[in-house]
Amino acid sequence: MDLSYTRTEEAFRAEAREWLRDHVPVVPLVSLETAEGFAAHRAWEAELAAARWSVVSWPEEYGGRGVDLARWLVFEEEYWAAGAPGRVSQNGVQLLAPTLFDHGTEEQRARVLPSMATGETIWAQAWSEPEAGSDLASLTSRAVRTDGGWLLSGQKTWSSRAAFADRAFGVFRSDPAADRPHRGLTYLMFDLRAPGVTVRPIGRLDGKPAFAELFLDEVFVPDEDVIGEPGQGWRIAMSTTGNERGLMLRSPGRFLAAADRLVRLWRAEGDPADSALRDRVADAVIGARAYRLFTAGAAARLATGAPSGAESSLNKVFWSEYDLALHETALDLLGAEGELADGAWAEGYVFALAGPLYAGTNEIQRDIIAERLLGLPKGRR
Amino acid sequence: MSFLPTDEQRAFARSLDAMLCASDTPAAVRAWAGGDPGPGRALWGRLAEAGVWALAVPEAYDGVGPLPVELAHAFVELGRHAVPGPVVETVATAVLLGELARLGEPGPAKRLLPGLASGEWTATLAIAGPESERHPVPYALDADRADAVLVVRGEELWRAHGHGPVEVSADPARRLARPAPGGELLAEGTAVAVAAGHARRLATLATAAQSLGVGRALLDRTVAYARQRTQFGTPIGAFQAVKHRLADTLLALEFAGPLVFGAAVTSAEGDVAAAKVAAGEAGYAAARTALQIHGAVGYTEELDLSLWLRKARPLRDAWGDPAACRAAVLGACS
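Residue numbers (numbering that gives the first Met the number 0), protein chains in the order written: chain R, 0 to 380; chain G, 0 to 333.
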């Protein structure tokens with residue numbers, strides 16, 4: 000068991016660190032959940048892409064550097080340690096791109112990925128519906144066959160980034176006569192500005208339009224924007240949910256940096272006699288290290304060709320609860336100041352509150368852990 | 000970086016598990032607690048044949064170590080099978096004497112290490128805290144059964160002759176006694192304090208690994224029970240409240256494991272302390288889950304589950320309780 004970095008990894012780290020030191024904005028960008036901040040974060044993606052730092056793990060032909068998982072983890076450590084901005088292109092990069100690598104055509108990859116890498120096209124996800132949340136397979140938005148493509152109708156909701164994004168991807172019911180709910184679904188990409196699309200931004204708890212409802216009325220999607228075979232949408236979507244729940248979405252680097260920030264806050268603001276709070280700060284440090292090492296093991300297993308399966312549900316529960324506990328500890332260190340909506344930890348706290356809800360609620364994840372990892376019987380939810 | 004056990008480490012852990020599975024360790028634990036150390040000593044000999052004790056002993060003294068990663072693997076298995084006796088204290092003593100020898104004090108190593116490596120002897124160890132503490136010399140585990148009782152007081156290493164009254168722990172397989180004052184002075188000087196630091200870290204790490212194994216055993220037994228126990232016409236493991244509690248128990252163990260092995264790789268003070276907090280708490284949480292899901296039958300001494308249930312809490316607090324370890328984690332933060 001080895002925790003040392005190779006010379007290649009160390010050189011890559013040094014290169015990333017140097018570039019970030021010279022380029023990360025000194026004044027933090029405005030929240031990416033606002034029109035102004037969204038534009039600023041899009042411009043940051045372009046700056047990253049120009050130096051080929053926006054999607055380091057992708058092949059070079061699409062704007063990446065073709066680095067392995069180990070170096071991607073190194074990049075993430077440096078990125079978050081440098082205090083760099085949040086990633087507005089994340090939904091596309093972490094969810095759609097892996098789907099295209101596994102199930103898309105060469106033509107689709109060449110058409111979609113380069114503009115995703117530069118932030119020129121920002122992607123939103125369109126999974127949930129008003130009546131299909133945890134029970135996603137019960138979704139009813141339709142894709143109806145038409146000349147040269149499909150017509151999408153129905154309603155999607157909780158679509159992250161959709162208030163300001165350009166395009167979206169999601170799963171639609173293309174065969175209402177299929178014998179099981181998760182059969183007869185098709186995975187499609189569509190334009191959020193196409194005729195028939197209405198986007199209604201939704202304010203999250205702090206009022207910022209972090210997500211949106213999408214109303215679709217016979218929105219035309221050409222055949223070239225279907226991913227994989229029609230009817231195979233569920234299988235294709237599920238094959239990359241591990242990315243959303245697991246280490247690709249929340250790299251350890253983010254939490255190592257957050258824990259460092261928390262320790263600094265504790266040293267500045269903490270009452271040394273308050274051992275209860277001290278213990279929670281220690282737990283934040285311990286949790287970040289645990290997540291880093293857990294991920295190092297998972298990455299090493301993936302590198303041997305092992306599939307990422309239900310283990311990603313362990314990741315998801317861990318990081319979402321960890322992130323929330325860390326922010327609560329920070330707010331407690333701030334005392335009465337913690338209430339201020341513009342405080343240094345306030346937006347992170349609001350964001351962390353959603354962690355146990357999205358990407359499959361933690362209740363669904365615990366069911367998956369219990370049934371698939373522990374072998375407990377299926378039961379009524 | 001490849002943070003995975005090697006094939007050899009995996010095979011070693013599997014073979015230990017198989018050997019202990021075939022050894023009826025519950026009977027040995029009950030005998031050890033009940034006054035008959037025979038089966039426990041026999042088990043000790045089999046662990047020696049498997050090479051466990053030699054992992055802590057340098058090659059110059061008939062060992063192969065110190066190998067902290069292999070020791071961590073071994074101690075997960077010792078915890079999984081609730082092996083009784085001063086297992087942690089013996090390897091910590093071996094590390095202490097090996098380190099002393101490396102620092103130019105080979106006398107005690109020559110006398111004691113070959114016997115520890117071969118499993119012929121057992122040792123226990125107490126490392127005294129500041130004189131200002133109410134009990135500066137802590138209990139030494141199984142001092143009445145160990146062949147050598149060692150005590151570190153500041154920069155002095157003593158071999159105690161005898162011990163105070165034996166007190167039974169909340170885990171009856173743990174027998175506690177304070178070493179008698181005085182005895183034979185084996186070594187003195189700064190090397191003793193340095194070597195004791197190594198020994199303490201190794202003891203903390205081994206206890207964390209043992210906690211992890213105890214937690215895994217408790218989880219495995221409880222999952223098996225939840226699949227088989229039926230109420231309201233269905234296995235209780237199909238109920239979400241039961242499932243989620245078991246899922247959380249697995250989660251805590253799965254995230255503690257990498258901390259234990261990571262600490263074995265670095266041997267750094269803060270890493271070892273972090274591993275101890277996480278593994279100790281995960282092991283104890285597994286005990287609470289196991290008790291709750293077994294219900295009243297889990298609250299009985301008769302069920303073998305009790306052998307692990309009663310071990311989890313003492314291990315959580317031995318060789319660094321959670322508060323001390325959390326303070327050490329922050330103390331080591333740059």
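By construction, these hints were calculated from the structure, which means they are not laboratory data.
Just so you know, not all the hints are guaranteed correct.
To be verified - Some but not every residue of chain R turned toward chain G, in silico, with C-beta under 7 Å:
(1) V66
(2) A281
(3) R288
(4) F293
Just so you know, even glycine gets a beta-carbon here, dropped at the ideal spot from N, CA and C.
Comparing the hints with the structure gives:
1. At a threshold of 7 Å, the smallest CB-CB gap from R/V66 to chain G is about 14 Å, leaving the interface hint violated.
2. Against a cut-off of 7 Å between C-beta atoms, the interface hint on R/A281 holds, since the closest Cβ of chain G lies about 4 Å away.
3. The closest approach between the C-beta of R/R288 and any C-beta of chain G is roughly 6 Å, which is under the 7 Å cut-off, so the hint is satisfied.
4. Taken as an interface hint, R/F293 checks out: its beta carbon lies about 5 Å from the nearest beta carbon of chain G, inside 7 Å.
The structure does not agree with numbered hint 1 stated previously, though it agrees with all others.
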